[in-house]
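A.B. asks: For the protein sequence lines, the chains are S and X, in the order given.
Heads up: the first sequence runs through residues 312 to 662, numbered per the working numbering.
Heads up: the second sequence runs through residues 312 to 662, numbered per the working numbering.
Please note that the accuracy of each hint is not assured.
If chains are identical, the list can't say which one is meant, so a pair holds when it fits in one copy or spans any two.
[As the list claims (entries may be wrong)] Taking lysine to any residue pairs in the SDA-like style, the calculated list, with each CA pair at most 25 Å apart, reads:
1) Lys-337 with Leu-397
2) Lys-487 with Arg-536
3) Lys-487 with Ala-509
4) Lys-487 with His-527
5) Lys-354 with Glu-372
6) Lys-337 with Ala-439
7) Lys-487 with Val-539
8) Lys-487 with Pro-516
9) Lys-487 with Leu-636
10) Lys-487 with Gly-612
11) Lys-354 with Asp-467
Just so you know, these hints were derived from the structure itself, not from any lab.
Number of protein chains: 2
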Amino acid sequence: MLDLTQDVRDLTAAIVDIESVSGGEKALADEVERALAALPHLKVTRSGETVVARTEQGHSERVLIAGHLDTVPVAGNLPSRVEGDLLYGCGTSDMKAGVAVALRLAATVPAPNRDVTYVFYDCEEVEAERNGLTRIARDHAGWLAADFAVLMEPTDGVIEGGCQGTLRAEVTVTGKRAHSARSWFGVNAIHGIEPVLARLNAYEPRRPVVDGLEYHEGLNAVGVRGGVAGNVIPDLCVVSVNYRFAPDQSIEEAEEHVREVFDGFAVSLVDAAPAARPGLTHPVAAAFTAAVGGTPRAKLGWTDVARFSALGVPAVNYGPGDPNLAHQQGEYVSLPKIVESERAMLDWLTI
Amino acid sequence: MLDLTQDVRDLTAAIVDIESVSGGEKALADEVERALAALPHLKVTRSGETVVARTEQGHSERVLIAGHLDTVPVAGNLPSRVEGDLLYGCGTSDMKAGVAVALRLAATVPAPNRDVTYVFYDCEEVEAERNGLTRIARDHAGWLAADFAVLMEPTDGVIEGGCQGTLRAEVTVTGKRAHSARSWFGVNAIHGIEPVLARLNAYEPRRPVVDGLEYHEGLNAVGVRGGVAGNVIPDLCVVSVNYRFAPDQSIEEAEEHVREVFDGFAVSLVDAAPAARPGLTHPVAAAFTAAVGGTPRAKLGWTDVARFSALGVPAVNYGPGDPNLAHQQGEYVSLPKIVESERAMLDWLTI
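This is chain S alone, in the form it adopts within the complex (with noise of 0.2 Å):
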């Protein structure tokens, strides 16, 4: 069985030495379930390869600590091995050593001063529906009621507070095909996209301050595609484009703006996530950024936090990994940056 009285850089290497790519979670949610289920302290449920512990002390306040079990595919990065003050191997920064230190927290701390909910859960690495958080969210909600949520995913031992919503969109020009010796008895839908891409270089992004963080936005074409064959003037061109913004607007804001910008062209939504704000004002997150300490800075990649955001719960990012290694071969942690969110993490939930 895991040993969560062990020192929490051991306990990542134990972690991580249990593979689990997205999907094949299982060996390791029955390891994480059986650890906490033997504390008499915490109320586990579990759900596919998701695993819930939850403290029931009575406390006004709830706080929620989470992180994703899956890695993505090993790389010949398997077992963990140590270097110095490293610790090398698949899901080390992504995110098991913020696990590891979820769990150390859900072990070491019965009685914590706010109730604490602590969700383990599978497939972050892959396409939404199989997310672990989305089908929670669905099937019970309740269970992550919370006033405030960490997701552990690595942030450096930087709060990240909450996410950037992103929105694709097509924008696209229609002409009329002819045959390429006789151009002028068509209309290139190629040549027409010139004003779209004009309006995309002369985009301004805001960068608003959002509950104190300034988030940056950015409104790109992602994709491009037109063209019928080598002799036709084309009659289709379609121009994919993501917009990310900030958490001081909603999908329907996001998409209207984009809908302005492309004033007079065809603009159709493909896909939305919605951002989510920090949620640094509210006191219990006050007390965390005293605790973590350093100066909270903007999520502006989407993350599951934005999924807590929608159920009303105010979320950050925070995890000792680094996130420019994540899905890197040469994937690792900082050892000492393991133990140092460890402590941060107990002091807020102690002292």
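Fit chain X to the supplied structure of chain S, relying on the hints for placement.
C.D. replies: Here is chain X on its own, set in the frame of chain S:
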């Protein structure tokens, strides 16, 4: 055996009814070879499914009359059928009506006023390397020696002189990949094609007069591709352009022009086919235009006349079919136009 003594309209129908989709011309080529070989005034040779027949009267002038035997795939439009003045069926316009006229001339003009080479070739409707004329020009260029050539492609009974050349090139813009949530760390290659499109939109095509005919050039995007994934700033975008150039330019000059238009961008040549001068200033061409009547116009699309031009043989397109019906399921040819075309060609070779 194909009866070359029958009326040209009936002969057209007879030829149309011998299916000859590109690659399947053998039955028709056999019939053509057998019918021509029976005529004592012709010297007949064959290469693959291409049949060449020559008069050897010792004239100082030799003209060449060519037509392709193949058609695009049959689309439920065989056998042929007559409705009023129209003959419907696959290949009627493109170009068995022209082939029928040429066969009638070969059969009924045993002593033309200038020597004639008749060329009936295969695989015009498919890729250039399978084209019978490409093969003959490479392996038996002497067979194509002439002072002037008439390619009986459908032109609605109007002489269309020469043809424009065609050149395809790729204009490539590179950038730098980045996650679209932090787009300012990247350089968006799709955004980078805006000036390429601006130059295309501002482009003023030339309309030069060559040998008395006005051509009309065109420079167009015929394809665009770019994009890595919905969350990645793309580092590559390629615009495929097609330049249709008048016969006062060589391929080299056309390429140089395209490179000048896109100065500052990476331009790579994909393929090119030369233009062909109309050659209407040659005396034998003057006799031809006098016989056919009407006002010759410039051929804007690329045709096999360029292959004759490349061999130093001025060439025109002239045939009874309607070019706008080519490759269409409802293809037909006007029966009076076939008769008119036979009459005009007969005048040219006998008066």
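A.B. asks: Are the hints correct? Go through all of them and say.
C.D. replies: Comparing the hints with the structure gives:
1. Lys-337 with Leu-397: For Lys-337 and Leu-397, the Cα distance exceeds 25 Å both inside one copy (27 Å) and across copies (75 Å).
2. Lys-487 with Arg-536: both (16 Å within a copy, 19 Å between copies)
3. Lys-487 with Ala-509: both (22 Å within a copy, 19 Å between copies)
4. Lys-487 with His-527: between (39 Å within a copy, 19 Å between copies)
5. Lys-354 with Glu-372: within (17 Å within a copy, 104 Å between copies)
6. Lys-337 with Ala-439: Within one copy, since 19 Å is at most 25 Å while 59 Å is not.
7. Lys-487 with Val-539: Answer is within: at 11 Å inside a copy they meet the 25 Å cutoff, but 28 Å across does not.
8. Lys-487 with Pro-516: Between. Shortest inter-copy distance 19 Å satisfies the 25 Å Cα cut-off; intra-copy 34 Å does not.
9. Lys-487 with Leu-636: between (47 Å within a copy, 19 Å between copies)
10. Lys-487 with Gly-612: between (39 Å within a copy, 18 Å between copies)
11. Lys-354 with Asp-467: neither (31 Å within a copy, 87 Å between copies)
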